[in-house]
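All chains, please: the whole structure from these sequences, using the hints.
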Amino acid sequence: MIKLSKYVLYNILKSKIIIAYTLFLFIVATGLFQMEANSSKAILSLLNIILIVLPLVSLIFTTIHYYNSYEFIELMLSQPLSRKRVLLSEFSGVCFSLVMAFCIGVGIPVLLFATDVSIGISLILIGIFLSIIFTSFAFYTSVNARDKARGIGTALLLWFYFTLIYDGIILLILFTFSDYPLENFTLVMAALNPIDLGRIFIMLKMDSSAMMGYTGALFKDFFGSSSGMAFTFGCMILWAAVPLLLALRKFRKKDL
Amino acid sequence: MRFLILVIFVFMQLHAFSTTIIVGQQKAVKSIKKGIELAKDGDTVKVMPGVYKEGSIIVKKSITLIGIHFPVIDGESKVENMLISGRQISISGFHFINSKHSSYIDYSAINIIDATKINISNNKITDAHFAIHVSNSTHCTIDRNSITGHATITQSAGNGIHIWKSANILVTNNSITGHRDGIYFEFVTHSDIRNNKSINNIRYGLHFMFSHYNHYAYNLFKNNGAGVAVMYTHHVSMENNIFTQNWGASSYGILLKDITDSKIINNQFLSNTTGILMEGCNRIDVKRNSFNHNGWAMKVQANCENNVISTNNFKNNTFDIATNGTSVMSSFDHNYWDKYEGYDLNKDGIGDVAYHPVSLYSMVIEKNPSALFLLRSFLVTLLDKVEKTMPAITPVELVDKKPTMKPFQL
Numbered sequence: 001m002i003k004l005s006k007y008v009l010y011n012i013l014k015s016k017i018i019i020a021y022t023l024f025l026f027i028v029a030t031g032l033f034q035m036e037a038n039s040s041k042a043i044l045s046l047l048n049i050i051l052i053v054l055p056l057v058s059l060i061f062t063t064i065h066y067y068n069s070y071e072f073i074e075l076m077l078s079q080p081l082s083r084k085r086v087l088l089s090e091f092s093g094v095c096f097s098l099v100m101a102f103c104i105g106v107g108i109p110v111l112l113f114a115t116d117v118s119i120g121i122s123l124i125l126i127g128i129f130l131s132i133i134f135t136s137f138a139f140y141t142s143v144n145a146r147d148k149a150r151g152i153g154t155a156l157l158l159w160f161y162f163t164l165i166y167d168g169i170i171l172l173i174l175f176t177f178s179d180y181p182l183e184n185f186t187l188v189m190a191a192l193n194p195i196d197l198g199r200i201f202i203m204l205k206m207d208s209s210a211m212m213g214y215t216g217a218l219f220k221d222f223f224g225s226s227s228g229m230a231f232t233f234g235c236m237i238l239w240a241a242v243p244l245l246l247a248l249r250k251f252r253k254k255d256l
Numbered sequence: 001m002r003f004l005i006l007v008i009f010v011f012m013q014l015h016a017f018s019t020t021i022i023v024g025q026q027k028a029v030k031s032i033k034k035g036i037e038l039a040k041d042g043d044t045v046k047v048m049p050g051v052y053k054e055g056s057i058i059v060k061k062s063i064t065l066i067g068i069h070f071p072v073i074d075g076e077s078k079v080e081n082m083l084i085s086g087r088q089i090s091i092s093g094f095h096f097i098n099s100k101h102s103s104y105i106d107y108s109a110i111n112i113i114d115a116t117k118i119n120i121s122n123n124k125i126t127d128a129h130f131a132i133h134v135s136n137s138t139h140c141t142i143d144r145n146s147i148t149g150h151a152t153i154t155q156s157a158g159n160g161i162h163i164w165k166s167a168n169i170l171v172t173n174n175s176i177t178g179h180r181d182g183i184y185f186e187f188v189t190h191s192d193i194r195n196n197k198s199i200n201n202i203r204y205g206l207h208f209m210f211s212h213y214n215h216y217a218y219n220l221f222k223n224n225g226a227g228v229a230v231m232y233t234h235h236v237s238m239e240n241n242i243f244t245q246n247w248g249a250s251s252y253g254i255l256l257k258d259i260t261d262s263k264i265i266n267n268q269f270l271s272n273t274t275g276i277l278m279e280g281c282n283r284i285d286v287k288r289n290s291f292n293h294n295g296w297a298m299k300v301q302a303n304c305e306n307n308v309i310s311t312n313n314f315k316n317n318t319f320d321i322a323t324n325g326t327s328v329m330s331s332f333d334h335n336y337w338d339k340y341e342g343y344d345l346n347k348d349g350i351g352d353v354a355y356h357p358v359s360l361y362s363m364v365i366e367k368n369p370s371a372l373f374l375l376r377s378f379l380v381t382l383l384d385k386v387e388k389t390m391p392a393i394t395p396v397e398l399v400d401k402k403p404t405m406k407p408f409q410l
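Chains as they are written, first to last, in our numbering: chain A, 1 to 256; chain B, 1 to 410.
Honestly, the hints are just simulated from the structure, not real lab data. Glycine included, each C-beta is placed from N, C-alpha and C at the ideal position. Some hints could be false.
[Stated by the list, open to error] Here chain A is said to cover these stretches of chain B; the calculated rule only asks that three of the stretch's residues, wherever they fall, bring their Cβ under 8 Å from a Cβ of chain A:
| hint | segment |
| --- | --- |
| 1 | 177 to 183 |
| 2 | 243 to 249 |
| 3 | 287 to 297 |
| 4 | 366 to 378 |
[Said to hold, decoys possible] Under the rule of at most 25 Å between Cα atoms (straight-line distance), these lysine-lysine pairs were calculated in the DSS-like manner:
| hint | chain 1 | residue 1 | chain 2 | residue 2 |
| --- | --- | --- | --- | --- |
| 5 | B | K165 | B | K263 |
| 6 | B | K117 | B | K60 |
| 7 | B | K257 | B | K197 |
| 8 | A | K41 | B | K339 |
| 9 | A | K205 | B | K385 |
| 10 | A | K148 | A | K16 |
| 11 | A | K41 | B | K388 |
| 12 | B | K27 | B | K46 |
| 13 | B | K165 | B | K33 |
| 14 | B | K388 | B | K347 |
| 15 | A | K41 | B | K402 |
| 16 | B | K53 | B | K78 |
| 17 | B | K401 | A | K41 |
| 18 | B | K33 | B | K46 |
| 19 | B | K385 | A | K41 |
| 20 | B | K222 | A | K205 |
| 21 | B | K367 | A | K220 |
| 22 | B | K61 | B | K222 |
| 23 | A | K205 | B | K339 |
| 24 | B | K263 | B | K406 |
| 25 | B | K53 | A | K41 |
| 26 | B | K124 | B | K30 |
| 27 | B | K61 | B | K117 |
| 28 | B | K367 | B | K347 |
| 29 | A | K41 | B | K30 |
| 30 | A | K220 | B | K222 |
| 31 | B | K27 | B | K40 |
| 32 | B | K53 | B | K33 |
| 33 | B | K124 | B | K222 |
| 34 | B | K287 | B | K263 |
| 35 | B | K257 | B | K287 |
| 36 | A | K205 | A | K84 |
Structure follows, in structure tokens:
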């Protein structure tokens, strides 16, 4: 399996897209730190990139990679290899390359320039998780759709849903039911979107003063405690594992 | 020549009359009460180290009481340690413990009533209900006292330095922690409050009402339950103070309610949930302050008029300004805002585009606090950007027409 993952990785590196992505992240991150006088403003801009660009790239890159290596997968399956192994090694190859790209592109500048190390480290952690989660999503959607256009379309829709539509719906609900106590509801809703979960995790560190007021205190009590952190990462791991497991199940019985 | 001799003679007489009485467990005079009884106006009573359990010590003569190496005055939780009334009394170098507590009478370690020219300096006061309580007095100095309490709930706790209906009081270099309000003033005028540290009090670090013409400078108010609250006062000046780590939904760096004709200059507001809340304030100058890492740097309610907010630095705040209405009758010109995205073509250091410090989302949160949880999401950033280009909900007049490009050197 490791051997197979290695081939997948070589394949990805050969296409040079991932190197371009790494460079892009690196230049943007370093540029932000150089341009902004105070590093927390740069971190804020980086947060936006991580919450928007990272899921998009992970989704699209994985989907395209899957469809492009369809023939390779078919070839591998003609060998005495289990379907589970083939898909898992594909997943780990893509995942590893995306996470590495992020760690080099954003991780190094953050560790070099960020004045507040704890915010920097949580930023990197969330970035890694989001890369894995959206890769796993993309595997699920592309295993499900045979047609390439349909696969990419679904991936894009997912991205739209998690970055924009979901928050819009929540805002709508918050205003429609503003007469009711919605604090616990928001806690649950936050857990149902990995991007929101990551955002709140970082916000608790970055906007700690604002979070001490109103609902914020509730969030701080919940997500700021060690059990809350365990909850955050537990949810993140679930978000990564569930689509992958579903993809594996689908792939095992799929008529290729 | 004759006159000179007379003057010298008088001085010698004075000197001869002013004696020093020494009180100590191994001395002739064993109790402080006895020492005071023996003393005449102008005398000094020196108290040697030891623990003195004498009930309430009443000082009405114009004497100087000096503690050597902090003799302990123990109230045994039954009495007020010391009651002072009169003129020209000086108390220094004592350690007051076990003062009486009550939930309906304001007992205090040092109670000063109807007095003038009192000097309370360099004392330690531990676990008192009220530490220093001054009422109906003038020209008193409270200097270098260290006041520590262990208050847990507001109802049964007293204030650190509590001053009522007094004038010309000097409160300097004290440190107050663990009381209800660190410093409490009511009907106190023409007073000066300097270099005090009010930390970890369960309600307000500083609390005053109806206390006009006072001056607060170089004080530190940190991590108090509800920050600092000041009300119904005019002609106050606050300079070079630090307000920090006042965290909570109703906790403010400083809450100004019905304050008029005042100055807030050169202060630092660091990491507060709300830096300044202004309610019904008129003609206040807020200048050269630094607002850093606050949730809301300032909340200026719509009922404030003619305030001038200028030459301040706003950095790393989640929200710069919030308000609760659309009418704006204060000026926000010429500040530095780190969120400003304009340009400066003629290089005069002033941005060419006006800055709107109220973000849409701060208005949204004002109406619906739960929505805080969507802060910094893509959707909210998008909404804010749209609102900045075409203001519809945020007050259009709340604008800095001359934002500076670089922070002020404060």
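Structure-based check of each hint:
Evaluation of the coverage hint for the segment 177 to 183 of chain B: breached, as 0 residues show C-beta separations to chain A shorter than 8 Å, against a requirement of three. Counting residues of the segment 243 to 249 of chain B whose beta carbon lies closer than 8 Å to any beta carbon of chain A gives 3, which meets the minimum of three for the stated coverage. Under a criterion of three residues with beta carbons nearer than 8 Å to beta carbons of chain A, the stated coverage of the segment 287 to 297 of chain B is upheld, 4 such residues being counted. With 12 residues carrying a beta carbon less than 8 Å from a beta carbon of chain A, the segment 366 to 378 of chain B meets the three-residue requirement, and the given coverage holds.
Of the supplied pair hints, the one linking K165/B and K263/B holds, its CA atoms being roughly 23 Å apart against a limit of 25 Å. With a C-alpha separation of about 12 Å, the suggested pair K117/B and K60/B falls inside the 25 Å cut-off, and the hint holds. Taking the CA atoms of K257/B and K197/B, the gap is about 23 Å. The hint holds against a cut of 25 Å. Restraint check for K41/A and K339/B: the C-alpha separation of about 9 Å stays at or below 25 Å, so the hint holds.
Only pairs whose Cα atoms come within 25 Å are accepted, and K205/A paired with K385/B is accepted, the gap being roughly 24 Å. For the suggested pair K148/A and K16/A, the alpha carbons sit about 21 Å apart, so the restraint of at most 25 Å is met. A threshold of 25 Å between alpha carbons decides the hint, and for K41/A with K388/B the separation of about 19 Å falls inside it, so the pair holds. Among the hinted pairs, K27/B with K46/B is consistent with the structure: their alpha-carbon atoms are about 11 Å apart, no more than 25 Å.
Distance hint between K165/B and K33/B is unfulfilled; the C-alpha atoms sit about 29 Å from each other, more than 25 Å. Annotation: proposed proximity of K388/B to K347/B holds, straight-line Cα distance about 24 Å (limit 25 Å). For a cut-off of 25 Å, the pair hint linking K41/A to K402/B stands: about 22 Å separates their Cα positions. Distance hint between K53/B and K78/B is fulfilled; the C-alpha atoms sit about 11 Å from each other, no more than 25 Å.
For the hint pairing K401/B with K41/A, the CA-to-CA distance comes to about 23 Å; that is within 25 Å, so the pair holds. Proximity of K33/B to K46/B is assessed by CA-CA distance (about 12 Å); at most 25 Å being required, the pair is judged to hold. With a CA separation close to 17 Å, the supplied pair K385/B and K41/A stays within the 25 Å bound. With a C-alpha separation of about 20 Å, the suggested pair K222/B and K205/A falls inside the 25 Å cut-off, and the hint holds.
Using a Cα cut-off of 25 Å, the hinted pair K367/B and K220/A holds, with the two alpha carbons roughly 21 Å apart. Annotation: proposed proximity of K61/B to K222/B is violated, straight-line Cα distance about 38 Å (limit 25 Å). For the proposed pair K205/A and K339/B, the alpha carbon gap of about 19 Å is at most 25 Å, so the pair holds. Taking the CA atoms of K263/B and K406/B, the gap is about 24 Å. The hint holds against a cut of 25 Å.
For the proposed pair K53/B and K41/A, the alpha carbon gap of about 60 Å is over 25 Å, so the pair is violated. Between K124/B and K30/B the CA atoms are separated by roughly 22 Å; this keeps the pair inside 25 Å, and the hint holds. For the hint linking K61/B to K117/B, the alpha-carbon distance of about 12 Å falls within 25 Å, and the restraint holds. A C-alpha spacing of about 40 Å is found between K367/B and K347/B, which places the hinted pair above 25 Å, so the restraint is violated.
Taking the CA atoms of K41/A and K30/B, the gap is about 67 Å. The hint is violated against a cut of 25 Å. Of the supplied pair hints, the one linking K220/A and K222/B holds, its CA atoms being roughly 20 Å apart against a limit of 25 Å. Taking the CA atoms of K27/B and K40/B, the gap is about 19 Å. The hint holds against a cut of 25 Å. Using a Cα cut-off of 25 Å, the hinted pair K53/B and K33/B holds, with the two alpha carbons roughly 10 Å apart.
In summary, the hint linking K124/B to K222/B is supported, as the alpha carbons are separated by about 20 Å, within the 25 Å threshold. With a C-alpha separation of about 8 Å, the suggested pairing of K287/B with K263/B holds against the 25 Å cut-off. Note on K257/B and K287/B: the hinted pairing holds, with a Cα-Cα distance of about 18 Å set against a maximum of 25 Å. Taking the CA atoms of K205/A and K84/A, the gap is near 40 Å; set against the 25 Å cutoff, the hint is violated.
When held up to the earlier numbered hints, the structure conflicts with 1, 13, 22, 25, 28, 29 and 36 and fits the remainder.
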